[in-house]
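Participant: UniProt numbering numbers the first residue of the sequence shown as 1 and each following residue consecutively.
Don't take every hint at face value.
As the list claims (entries may be wrong) - Under the rule of at most 20 Å between Cα atoms (straight-line distance), these lysine to aspartate or glutamate pairs were calculated in the EDC-like manner:
1. Lys238 to Asp253
2. Lys229 to Glu259
3. Lys238 to Asp266
4. Lys229 to Asp254
5. Lys231 to Glu270
6. Lys326 to Glu347
7. Lys230 to Glu267
8. Lys351 to Asp254
9. Lys351 to Glu267
10. Lys230 to Asp247
11. Lys242 to Glu274
12. Lys231 to Glu193
13. Lys130 to Asp268
14. Lys230 to Glu259
To be verified - Distance windows between CB atoms, simulated:
15. Asp268 to Gln114: 17 to 27 Å
16. Gln134 to His200: 35 to 45 Å
17. Ser113 to Pro191: 44 to 54 Å
18. Ser249 to Ser113: 22 to 32 Å
19. Thr330 to Leu184: 12 to 22 Å
Note that these hints are calculated values from the structure, not bench results.
Quick caveat, the model's predicted, so the values are computed rather than measured.
Glycine included, every Cβ here is placed at the ideal spot set by N, Cα and C.
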Amino acid sequence: MGPRKPDHGAKRTGGARGGSVMHFRSTVNSGSVRRSAAVLPSVLTFLVIVASGGLLLMIEKGMLNSMDTPPPRGSGRRPDLVRQAGRRSAAAADVDSQILQEIRNRTIRTMCSQKNMPHSVWSLSPLQRKTLLQHILVNDEHRFLYCYVPKVACSNWKRVLKVLNGALESVDVNVKMDHRSDLLFLSSLKPEEIRYRLKHYFKFMFVREPMERLLSAYRNKFGEIDSYKKKYGVEIVKRYRKGRANDPSVKGDDVTFAEFIRYLLDEDVERMNEHWMPVYNLCQPCAVSYNFIGSYERLESDAEFVLQRIGAPAYVHFPERQTWYKPVTTETLHYYLCSLPQKLLRELLPKYILDFSLFTYPLPNTTTEHCRH
């Protein structure tokens, strides 16, 4: 089956980031716009707080405890995918998605225009640049760059890349994912080759609610992966549990979420393990002009848009979630966050504040009243 043509149902706009923003084209009647306008006040209020520079002060003073978390946009249900050879229905990009993309793009442009923010890959420190280039995957045939973020469906995107480069026959092949082989990283290229691809290729990344991503990493790495228990778990228990500093029997297989958070508070964000390093530090959205930033919460529809945009063959689809995968539900996240000492959460939020603000995620609500329910 031949490759499908990409749907260029998105146009670039100018601005401080010089055309790095994409807008969906779709026909929207005035009634649907009025209905969707209801999502704007809470998000815009959040952005005003960010723009005023008062967010960190509010965290430090505990003022956010009195704020209600904005309700989720839409019904929370993921739309069915409709794959037509070479075309994507304009109806697939709904109004909520357009609003989210526009707010996210404008927020990134505004915050990244500040003088103290990096404006190119080459203005980053050597460590920052190394981290970034090691997380950007390259596909020369379809001319795109993908910055992968652990715990944001990156294994499935790597499967897609391996199918596109011929290393895998299908994304559904039941093989253990090798996260290094048969993949081309931007870090392996020469500076002039890096510059060319950053300038001319389609660039995308995917983000996830920061605390949900942290909880997913904690449950996976300290509940299922022995190497993480031995390397990080043992260190955490010995460091934060009284009387265990010199205990040779510590296995690191019973790390609590509060202990994990205490460990994160003591870590330098630029030297963290990639599974809990802030997305901002992994992908540097101020230094790289991403054409599209998808959401884990809209994974199927956003992934479909990217596949159409890069011109992937029609037989290439985004993999379905594995049956063994245990998703982090709203209730689960609520339980873990409300079980944390509030002081720990208040101290943790500044480390991930750019992920919350740049990608327009509301701060978690862990007031006493909210946590009772």
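Participant: Against this structure, judge whether each hint is valid.
Facilitator: Hints and how they fare:
| no. | hint | result |
| --- | --- | --- |
| 1 | Lys238 to Asp253 | 12 Å, holds |
| 2 | Lys229 to Glu259 | 13 Å, holds |
| 3 | Lys238 to Asp266 | 14 Å, holds |
| 4 | Lys229 to Asp254 | 8 Å, holds |
| 5 | Lys231 to Glu270 | 19 Å, holds |
| 6 | Lys326 to Glu347 | 28 Å, violated |
| 7 | Lys230 to Glu267 | 18 Å, holds |
| 8 | Lys351 to Asp254 | 25 Å, violated |
| 9 | Lys351 to Glu267 | 10 Å, holds |
| 10 | Lys230 to Asp247 | 14 Å, holds |
| 11 | Lys242 to Glu274 | 28 Å, violated |
| 12 | Lys231 to Glu193 | 36 Å, violated |
| 13 | Lys130 to Asp268 | 16 Å, holds |
| 14 | Lys230 to Glu259 | 15 Å, holds |
| 15 | Asp268 to Gln114: 17 to 27 Å | 22 Å, holds |
| 16 | Gln134 to His200: 35 to 45 Å | 21 Å, violated |
| 17 | Ser113 to Pro191: 44 to 54 Å | 25 Å, violated |
| 18 | Ser249 to Ser113: 22 to 32 Å | 54 Å, violated |
| 19 | Thr330 to Leu184: 12 to 22 Å | 37 Å, violated |
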